[in-house]
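Just so you know, the protein sequences line up as chains A and B, in that order. Our numbering applies: residue 1 is where the first sequence begins, and numbers increase by one. Our numbering applies: residue 1001 is where the second sequence begins, and numbers increase by one.
Treat the hints with caution; some may be incorrect.
Listed next, the in silico BS3-like pairs over lysine-lysine satisfying Cα-Cα at most 30 Å (straight line) [unchecked claim]:
#1 B:Lys1110 <-> A:Lys280
#2 B:Lys1008 <-> A:Lys177
#3 A:Lys164 <-> A:Lys131
#4 B:Lys1132 <-> A:Lys177
#5 B:Lys1245 <-> A:Lys177
#6 A:Lys95 <-> B:Lys1086
#7 A:Lys95 <-> B:Lys1061
#8 B:Lys1132 <-> A:Lys164
#9 A:Lys164 <-> B:Lys1246
#10 A:Lys164 <-> B:Lys1061
#11 A:Lys164 <-> B:Lys1148
#12 A:Lys95 <-> B:Lys1144
#13 B:Lys1086 <-> B:Lys1110
#14 B:Lys1246 <-> A:Lys177
#15 B:Lys1061 <-> A:Lys100
#16 B:Lys1200 <-> B:Lys1021
#17 B:Lys1245 <-> A:Lys164
#18 B:Lys1021 <-> B:Lys1086
Just so you know, the hints here were simulated from the structure itself, not pulled from any lab data. It should be emphasised that the depicted structure is a prediction, and the values quoted were computed from it without experimental measurement.
Residue strings, one per chain:
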Amino acid sequence: MIRINPRITEKLAFAFLFFSTLLILVPVFLILVLIFKDGLPALSWEFLASYPRLGMRAGGIFPALLGTVYLAAGTLVFSLPIGILGAIYLSEYAKDHGFKRVVEVAIINLAGVPSVVYGLFGLGLFVIFLKFGASLLAGSLTLGIMSLPVIITSTREALGTVPKSFREVSLALGATKWQTIRRAVLPNALPGILTGTILALSRAAGETAPILFTVAAFYLPKLPQSIFDQAMALPYHLYVISTQVPNVKLSIQYGTALVLILLVLAMNIVAIVIRARFRKRKLW
Amino acid sequence: MNPKISVKNLHLHYGDFHALKGVSIEIRPCRVTAIIGPSGCGKSTFLRCLNRMNDTIEGVKTEGLITIDGEEILHTGADLIRLRKKVGMVFQRPNPFPLSIFENVAFGPKLHGVSGPKKGGRAPSLEEIVEKSLRAVNLWDELKDLLKDSALRLSLEQQQRLCIARLLAVNPEVLLMDEPCSALDPVATLRIEELIHEMKKDYTIVIVTHNMQQAARISGETAYFYLGELIEFGRTDRIFTSPEKKETEDYITGRFG
Ligand SMILES: Nc1ncnc2c1ncn2[C@@H]1O[C@H](COP(=O)(O)OP(=O)(O)O)[C@@H](O)[C@H]1O
Ligand SMILES: [Mg+2]
């Protein structure tokens, strides 16, 4: 066997590793450049705040933007309480056998379900069986369920980073288990929970498949009035003006994509900032 | 004098591991009792039986009898909240919460339902409890203008004092201390020992230490543990000058451990 000089293999290894890392950056960079280049000219206050006109070939994206904000809020309402409470139960209360294992496996599987399957599930359960119709309610519930695994997992991670000594001190002072969780554990896990939640929401805001059958409308002349109304949403609107409506100006398509990506990026940046600030403050 | 704490034939298992083997001991009120012995001999385990902190570990089985002020504490119906208020614990590493100095001391009273200022009534206000507790550990004069600052900015010695103050704020009668000075330098250690000396008139103190000079300096009684058994227990001056058991003598004279 030929033995290659280790100095050369070291150089080769470095080159390959660095090159691979570079390859990760390229698509991110290209996506941003492309979308900014064609989308930025369309971006204006007018574009954000006005209704689509001329069969969505002109005007703005206001109803779609608002619909996405509504959906993100609805997702939060349904997934956050259940996610956090469930995570607390699993991490702090459940004994390490049987039921807990089953739930853990269920969560892993929930995380692996393709988003279009969530869409069909939402259609079957919320839209048809529970008779919510295609509505903000059905869409939020569907996105909420899809977000649960991320919220549960990040909450459990955050709970796990709180030092054991905090719990011990609190219990040793005569606190009950719940008092200990409320006062000594949760406040210190909150930034981690928040970060995970925002990341889950940013994913939910960008998804198309789960809202396709449960809430998203092709075009609505007026804004939703209640949770039982359909709504337009950014990802689906983008799909519609890119494939379903002929002769939409490129700048409108890319402008919509830009708004969507900026929305998601902004949420991710907020999450990163929270995490970074917490790391700095954390001294134990 | 009646013992404050009386332990009879205490056995403890961590799963299959027999960590305490038939420990019997009587601890007198308003005294400092030192627990010494090589590491891993069950000192912390024993201490944690006295406020039932071992209950928080899965797979622990405890048998025997522990009474505090004549009240049996090991039975399943025992009121753990009342027990742990009465029998407080100071840990090896200073472990303040990442909260202000004030909030650290107020943590316990708030748990037990003391809230904001309550002038006129007979119950002391939160502010009064915090001041009294900080005075008791000689931190008040240093920190009275810094109560809103983070407790994590204090020196280790101040942090450990703060942890003791946090404990005193819930009015305990017994203080369990598990190597409270092991994270501190020698000067700070001596100052904490002085504090322990001051506190023993009001509290029954049980202190685990691996430092025999410390045991000799601060305790009235000393218990020597080895491999989960209580080998010898008696007045500290006697234990250190004329131990009855060979194992105790070997340990004290530094022939092992
Ligand atoms: N949570 C636990 N699970 C299993 N074994 C333990 C646990 N805690 C302590 N032990 C064992 O019990 C023995 C006594 O431990 P400990 O009371 O901490 O000793 P010490 O405080 O005297 O150093 C040791 O052998 C230790 O390994
Ligand atoms: Mg120990």
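Cross-check of the supplied hints:
1. B:Lys1110 <-> A:Lys280: holds, 28 Å
2. B:Lys1008 <-> A:Lys177: holds, 29 Å
3. A:Lys164 <-> A:Lys131: At roughly 47 Å apart (the allowed maximum being 30 Å), lysine 131 (chain A) and lysine 164 (chain A) break the hint.
4. B:Lys1132 <-> A:Lys177: Holds: lysine 1132 (chain B) and lysine 177 (chain A) sit about 28 Å apart, inside 30 Å.
5. B:Lys1245 <-> A:Lys177: violated, 43 Å
6. A:Lys95 <-> B:Lys1086: holds, 29 Å
7. A:Lys95 <-> B:Lys1061: Cα-Cα ~16 Å, so holds.
8. B:Lys1132 <-> A:Lys164: holds, 28 Å
9. A:Lys164 <-> B:Lys1246: Judged against 30 Å, a Cα distance of about 39 Å means the pair is violated.
10. A:Lys164 <-> B:Lys1061: holds, 21 Å
11. A:Lys164 <-> B:Lys1148: holds, 25 Å
12. A:Lys95 <-> B:Lys1144: violated, 44 Å
13. B:Lys1086 <-> B:Lys1110: holds, 16 Å
14. B:Lys1246 <-> A:Lys177: Roughly 45 Å separates the two Cα atoms, so the pair is violated.
15. B:Lys1061 <-> A:Lys100: holds, 23 Å
16. B:Lys1200 <-> B:Lys1021: holds, 29 Å
17. B:Lys1245 <-> A:Lys164: Not OK: lysine 1245 (chain B) and lysine 164 (chain A) at ~38 Å, beyond 30 Å, violated.
18. B:Lys1021 <-> B:Lys1086: holds, 26 Å
Checked against the numbered hints given earlier, the structure breaks hints 3, 5, 9, 12, 14, 17 and satisfies all the rest.
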